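**Student:** Keeping the supplied structure of chain A fixed, place chains B and C upon it in accordance with the hints.
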Amino acid sequence: MEFPVLFWGVLGWMIFWGVSGSILIRRRYLARDLDTSNATFIGTMAGAALGPVGIAAVWAGTPRASGYLSTALALLAVLIIAVTFSFADPDNICVTSGGFVASQVVNGLIIGIIYGFMALGLSLIFSILGVVSFAHGEFYMIGGMLVYWITEVLMPGVNPLIGVLGACAVAFVIGAVFERLMLTPMYHGKIDRPVEYGILVTFGLAFTLQYFVQAVAGASPVKVQRYVEFPRFRFPAEADLVWIKTSRGSMTLFEQVTISSPRLSAAVTCILVLLALLYFMHRTWTGKALRAVSQDREAAAIAGISPDRMNMLAFALGGMIAALAGALLVQAFSWLPQVGAIPAMRSFVIVVLGGLGSLPGAFVGGIMVGLVEAAGTGCIPDAQKAASYIPAYGMIVLTLTLLLRPTGMFGRRFASGSHGQL
Amino acid sequence: MKRQIPNIAGAAFLLLLAVFPLTYGGADYDYVMHILITGFFYAILAASWSMLSGYAGQFSFGHMGFMAIGAYSAGLFRHYIYLSPEPTGLCAETQFFGQWLVVVNPIGVTSTTLTQDCLRQAMDAWAGSVEVTAMPVLLGVVLGTLMGALAGFLVGMLVLRLRAAYLALFTLGFSEILKATISAEIDITRGQAGLELPALYPSGITLFGRFYEPTDKLPPYYTMLGLLLICLIILGWLAHSRFGLFVRALREDQDAAAALGVNTTKYKVLVFSVTCSMAAAAGAVQGHYVQIITPNMLFLLQMSLVVAMAVIGGIENFVAAAIGAIILQVLLEMLRNSFVIGGVEVDMTIWRLVFFGILLMITLRFFRNGLIAPMIAYFRRQGVAEETVAKRASTVTGPEGGPHRTEAPD
Amino acid sequence: MTTFRLLAATAAGALLATGAYAVDCPIKIGGIAPLSAPGTVVGGEAMREAMLIAEEDINAAGGVLGCDIKVVIGDSEGLPEKATAIMEKLIAQDGVAAVGGGYHSSVGVASKDVADARGVPVVFAETWNDTITGDKQKYIFRIAPLSSWASATIWQFALTVPDVKKVAILTENTDYGIPASQETARGLETGGVESVTFSVDIGTQDYAGIVQRIKAENPDMIITLVTGEAAYNFTQQAADAGIGPLDMPFVTGQDALESGAYWQNVPDGQYAFVQRIGVPETQFSDKGRAFAAKYKERMGKSDVESYAMEAYDSIAVIAQAIGEAGSTDGDAIVAALEGIVHEGTLGRIYFPYGTQKDPSEDGKGDEWWHQWPDPALTMIQYQDEGQDSTSAAIVYPDAYKTTEPVFVHQ
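Each protein sequence line maps, in turn, to chains A, B and C. In terms of my numbering, the first sequence is numbered consecutively and its last residue is 440. In terms of my numbering, the second sequence is numbered consecutively and its last residue is 419. In terms of my numbering, the third sequence is numbered consecutively and its last residue is 1238.
The hints are simulated quantities; they were obtained by calculation from the structure and are not laboratory data. Note that the coordinates shown come from a computational prediction; the quantities given were computed from them, not determined experimentally. Here a beta-carbon is modelled for each residue, glycine too, at the ideal position from N, C-alpha and C. Don't take each hint at face value.
[Stated by the list, open to error] Some chain C residues well away from chain A (every beta-carbon gap over 10 Å; in silico):
{"id": "1", "residue": "L893"}
{"id": "2", "residue": "F1026"}
{"id": "3", "residue": "Y1035"}
{"id": "4", "residue": "R1117"}
{"id": "5", "residue": "Q1215"}
[What the hints assert, rightly or not] Covered stretches of chain A (chain C as the covering partner; in silico rule of three or more C-beta atoms under 8 Å from a C-beta of chain C):
{"id": "6", "segment": "119-125"}
{"id": "7", "segment": "271-280"}
Extracted from the complex, chain A is given alone in its bound form:
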């Protein structure tokens, strides 16, 4: 029973000083007429990491609220929690087994890359249109459903690549058509509150898509065979420690870390597509135009870029990215019309953590959320509850980020005109 006392005691101490710090330091920065956008975050982290000493130091020094300082303090706070945890529960497998930690980290990274990639689509939409698409999970869902429909119903036995490409194409078209039909009126001030309109109308799309798929495909779960079967392989062949070993469905590294074929192929594809996307955004005219619109609509329009067309492209592209994530993960999970809810929630967490509208933020945020979830699932001592709390870990990160630093890690204050204002 030592565990709860020590751990919760330290956590309570950190929360107390964190809350005090957030209030005090914000007041201090306000009183001295300094930029307060980072003050809450710094105050909280200083209080949580160093207690009253930290608060006093920041109070006295009122340093420029730089990214380095806040990152260092945040890392220190996380480190303190981790150390306390290892002292409080020395028998936990997260503390005792290096192999377990390695495999959890790899797992978290892989799933984080996939969800980060999916969240990238959401962030792209937000950066151009200023809309949080509530239909993102449904694009993910139709991606998987279309792969199933193409490879199992329409053309059984066809190469899964065709299914994936087909799913992307259909999702792109749905996104483009929806944007033309439903989102166009919000660009020209015809709507009182465009942000809310955007949320509601994408919500309507989500509702419609989900039930449409259920009406057409039924509520029965569908499954797709894994795309890649590994050949049996060992390297080095004759050694005490096998570095890489593969079986049909999985790959084992150093006899510790197992990665399943569906996840590995999905993560690799995501990275490849991400690189292609980067090339597109930075090396092609259309991509540059997209970035220009996200930075300054009016200036881009003056430079001869049609913001309306970019809106359509961004929404379609964002939906397609989600559909691709779904098309890649359908081989790992059984698929249902309701399957989009959890990844959609995860995408929200990721984009808020990374900063709404920030593309690199989405990717880094994805990896962080993947790691947080892996840590939560792996280390919570009560095996009965660890899995049930999975959806909550990300949401706690989300609410904390919004309270402490609503612009996220890489967020620009005004991502797109006055949308998403603070």
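**Tutor:** Quick look at chains B and C alone, frame taken from chain A:
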């Protein structure tokens, strides 16, 4: 005269709802009553949500979370606290006005072959010699409402600085954390297995000189209808007081309102507390009516149903939202019957929801004030001095670049 | 008062006696099955088809009381709150005389109170939780095995597996999974085997973290007590991570019984053990064989699942009871069910304990109330890739054993 049409229609509609259970005699009486009770439940949620989101502009996706707080507070209170004339000697208990207040130990999901909770053990030992009383349902409902108000107050305090998309995401996060906690803390909440509640009137009730069984639909019908009316009266009173003005100012321009001396913090927290306590009260009553609550009522899709009902009714008019909710609930049930078109059977149990989603999008796109609110506004406008109408018309068309005001003033 | 009641009862009895066939045709019987997720759709569809075949067979044999019967299917979605609503609808709107079917335990636990309060008999087909009969309600019957008893088959089998020191149990956090896991853990402990339990929501898809944790526990055997899709998802992901059926003794969910789908999703799934209810097909009764042939043809399946047979029997036993009672009155049907001897597809169905004879008279627990005591419970093993469950080997208990089990870790 024409201006009175909405009032007259409203009174007639209300009268119809009030006498309906006494006059209707169809074989599907219970079923029709069930739909209407659920309709009133959604009407309370839609009306309070439209006050919060449409009127005050605090776009919340956590309304179902507050509803669940009400339901679970009432449920857990009833599930774990009992009054007993004798001490059990097993449970945590304390003397309470000559009785013993017994707090049952949480054992979660169980089965008759496993260890039972301390009260069950004690009662087995007493073998029927001691009568244990459960807490009154009404007390649980009141407690649930208060917990909802408290939760609304806290969340309102936390979201003071958040707006638009950020607020929507925060409240969504709140609701999801709540859902995960209820699902995970199986020992206390029974998780997905659901927490069972007693009927609203566990030992029956006598109304109009007739005794009604706990399973009868008439008492919960009037309870839910009464709750809806109380909520609408409170909302109406609030909307027409200074509170309503200030709350609208919050939506239009929070900074300007603050600069003009409106205590924005106070009104923001107040509107959260009031509307969330209404959601919680509705949740507690509905929980007792359905007699089982599970974390699934926190699904985003449940929330989307409320949002859709409010939007289709008229997001900025809570009466329209409530009427919209009742009509849509009835309509959705009526559309359950499948039909055959050109040899293809259309299974309406699912397709009706597809049409519902399309209706939601079309309403948003082309009828921004919903479908019911404009009807009310149409009659209300008749008889307004022509000058005012002209003024309004000029605001609607508005100068180029200026903010366009299209919603109907009420 | 008592005299009056007696008189009224006699009068009612006389009326029934004279007008024994004065029932509304067709006689409606409810059938509950999960037909959408998160319920086990595969199981639900099988049960629906089986219950509709039962309807056809009974009507082809001349129906009951001169009427045809009609089975009204209700979709429970595997959710307790939907279960109460659907039970309410079947009784209040469709006016069913009795209800059969039922797959998820939480559905059974939640809906039984509704039916009992309304005096409509229910014969549950596949809900295992002991509480369902353990509450000793007058109108509740069951032909599925008891959870405590079914768990005993699993842990007793696990104790026969050589070299097992530690077992990892994955369970769903429902009325089926949690008691079953506790009973299994308790049973394993009696044999000196350690166990660790992980619980998940039935909607969970991604088991990566849990699989790693189970792997880190280094178990010698894995027992999954989950239904439906969760069983597929977990077994596949465990197999990919190197702790699947190919790597250690692995008891997977009962829904693996549906051939084809299992092999598509868990290609490396041979050597898995699955619990099965009912005797092997070679030992079927004539009625069982006839049903199996019809069912396989109708569904295009190569084998018949035990829950389909239970669903068929639940409808057939109700129909026979209505015939013997001579009316659709709930009390009369209960009286008939308590004395029934029904030759079903699973064997001879009867309910030895009830209002006439309490289980305690034979020293049995409350859970034997209205419980069919004879369903056969076996463990089967897929010994080759792509095998049908009918051709799979029965490895436990000895009375039904066809082959020795293959233990892969040896």
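**Student:** If a hint holds in the structure, say so; if it does not, say that too.
**Tutor:** Hint-by-hint comparison with the structure:
For L893 (chain C), the requirement that its beta carbon stay farther than 10 Å from each beta carbon of chain A is met, with the minimum near 36 Å. Separation of F1026 (chain C) from chain A is inadequate, the least Cβ-Cβ distance of about 5 Å not exceeding the 10 Å criterion. The claim that Y1035 (chain C) lies off the interface is violated: its Cβ sits roughly 8 Å from the closest Cβ of chain A, which falls inside the 10 Å cut-off. Every Cβ of chain A is farther than 10 Å from the Cβ of R1117 (chain C); the closest lies at roughly 28 Å, confirming the non-interface assignment.
Listed as outside the interface, Q1215 (chain C) is consistent with that label: its C-beta sits roughly 18 Å from the nearest C-beta of chain A, beyond the 10 Å cut-off. With 3 residues having a Cβ less than 8 Å from any Cβ of chain C, the segment 119-125 of chain A passes the three-residue criterion, so the hint holds. Residues of the segment 271-280 of chain A lying with their CB closer than 8 Å to a CB of chain C number 4, which satisfies the three-residue condition for coverage.
In this structure, the earlier hints numbered 2, 3 are contradicted, and the remaining ones agree with it.
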